[in-house]
Each structure stands twice: as C-alpha cells, then as structure tokens.
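Trainee: In full-length UniProt numbering, the protein residues as written are 1 to 122.
It should be emphasised that the hints constitute simulated quantities derived from the structure, not laboratory data. Mixed in with the good hints there might be a few duds.
Label-pair restraints from in silico Cβ distances [unchecked claim]: (1) A99 to H63: 19 to 25 Å; (2) A35 to Q112: 20 to 26 Å; (3) A92 to L62: 28 to 34 Å; (4) D8 to L62: 19 to 25 Å; (5) R94 to D20: 17 to 23 Å; (6) P117 to H45: 38 to 44 Å; (7) F50 to C11: 22 to 28 Å.
Below, a list of computed lysine to any residue pairs in the SDA-like style, where the Cα atoms sit at most 20 Å apart [what the hints assert, rightly or not]: (8) K39 to R94; (9) K52 to L17; (10) K113 to M73.
These numbers were taken from a predicted model, which means no experiment stands behind them. Backbone N, C-alpha and C fix where the C-beta goes; we use that ideal spot for every residue, glycine too.
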Amino acid sequence: MLQLRPLDPSCPIECQLAIDAAPVVLVNVFTLDLADEAKFLEVWHDDAAFMKQQPGFISTQLHRALGEHPAYMNYAVWESTAHFRAAFSHPAFRSSLAAYPSSVTASPHIFQKVAVPGICAS
1 MLQLRPLDPS CPIECQLAID AAPVVLVNVF TLDLADEAKF LEVWHDDAAF
51 MKQQPGFIST QLHRALGEHP AYMNYAVWES TAHFRAAFSH PAFRSSLAAY
101 PSSVTASPHI FQKVAVPGIC AS
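Could you put the whole structure together from the sequences, leaning on the hints where they help?
Mentor: What follows is the structure, given as structure tokens:
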C-alpha cells in the first residue's frame with residue numbers, strides 16, 4: 001500500500017484540503033523500488049483515469065526523473081480544492097491506494113499559481 005510522506009509536515013495534504021482555493025495544482029512526487037515500476041504505472045494509470053472523470057478535473061501530466069532509480073512527479077490541475085477534495089476522498093479512489101506496491105511513497109502538495117510581473121502570468 002502507498003505510504004504518504006508530507007512535503008510540508010506542518011500542513012500535510014489533509015490540512016491543505018480544508019483550505020478553499022481556486023484554481024489549484026496538485027504536485028505529487030513518488031519514490032519507489034525499480035522492481036515495482038511497472039505495477040506503479042499500471043495503478044497510477046487507473047487512478048488517473050478515475051480522476052479524469054471527476055468534476056473539476058482539468059489536466060494531469062506524469063513525469064519520470066532522469067536516471068535509473070524511478071522517481072515520478074505528477075502535476076494535476078483542478079478547478080478548486082473543493083473539487084479535488086471530493087475526488088481525493090471518494091471511496092473508490094481511497095480503496096485504490098491499497099493496490100500500489102509497498103515501496104511507493106507519495107508526497108502530495110497543493111499549490112496555487114503566482115503572478116510575478118514580467119515573468120509569470122496570473
């Protein structure tokens with residue numbers, strides 16, 4: 001089963017889900033054993049297909065770290081934390097977490113886009 005390791009222990013994903021914001025970006029970094037990579041990708045695919053069907057889902061993209069040791073980063077855009085909260089707490093999604101290999105650790109964190117004049121659009 002997937003293990004959760006907060007990116008910021010002072011405000012883990014459960015804390016962030018209680019904050020209403022829109023739009024939001026979920027960034028989730030996964031680490032795992034090389035032997036579990038194929039199974040991880042299979043389960044992640046199923047979870048992403050589920051999330052894609054949920055209200056408020058905009059897009060997602062999975063990235064693999066360079067190098068031989070598998071690490072992945074998922075970037076998912078949601079209309080709001082309320083939409084992501086509903087999908088994240090859905091019983092079908094929660095039960096799917098047991099399908100991940102035991103070596104998988106996830107560090108999910110929710111962000112909002114920041115405007116920086118002349119550099120980043122709002």
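Trainee: Evaluate each hint against the coordinates.
Mentor: Status of the hints after comparison with the structure:
1. A99 to H63: 19 to 25 Å: holds, 21 Å
2. A35 to Q112: 20 to 26 Å: Cβ of A35 to Cβ of Q112: about 37 Å, so the range 20 to 26 Å is violated.
3. A92 to L62: 28 to 34 Å: Between A92 and L62, where Cβ atoms are some 20 Å apart, the hint is violated.
4. D8 to L62: 19 to 25 Å: Holds - the Cβ-Cβ distance for D8 and L62, about 22 Å, lies within 19 to 25 Å.
5. R94 to D20: 17 to 23 Å: holds, 21 Å
6. P117 to H45: 38 to 44 Å: Taking Cβ atoms as reference, P117 and H45 lie about 39 Å apart, which means the hint holds.
7. F50 to C11: 22 to 28 Å: Given range 22 to 28 Å: holds, Cβ gap about 26 Å.
8. K39 to R94: Distance of about 18 Å is within 20 Å: holds.
9. K52 to L17: Holds, at roughly 19 Å.
10. K113 to M73: Status holds; Cα separation ~17 Å.
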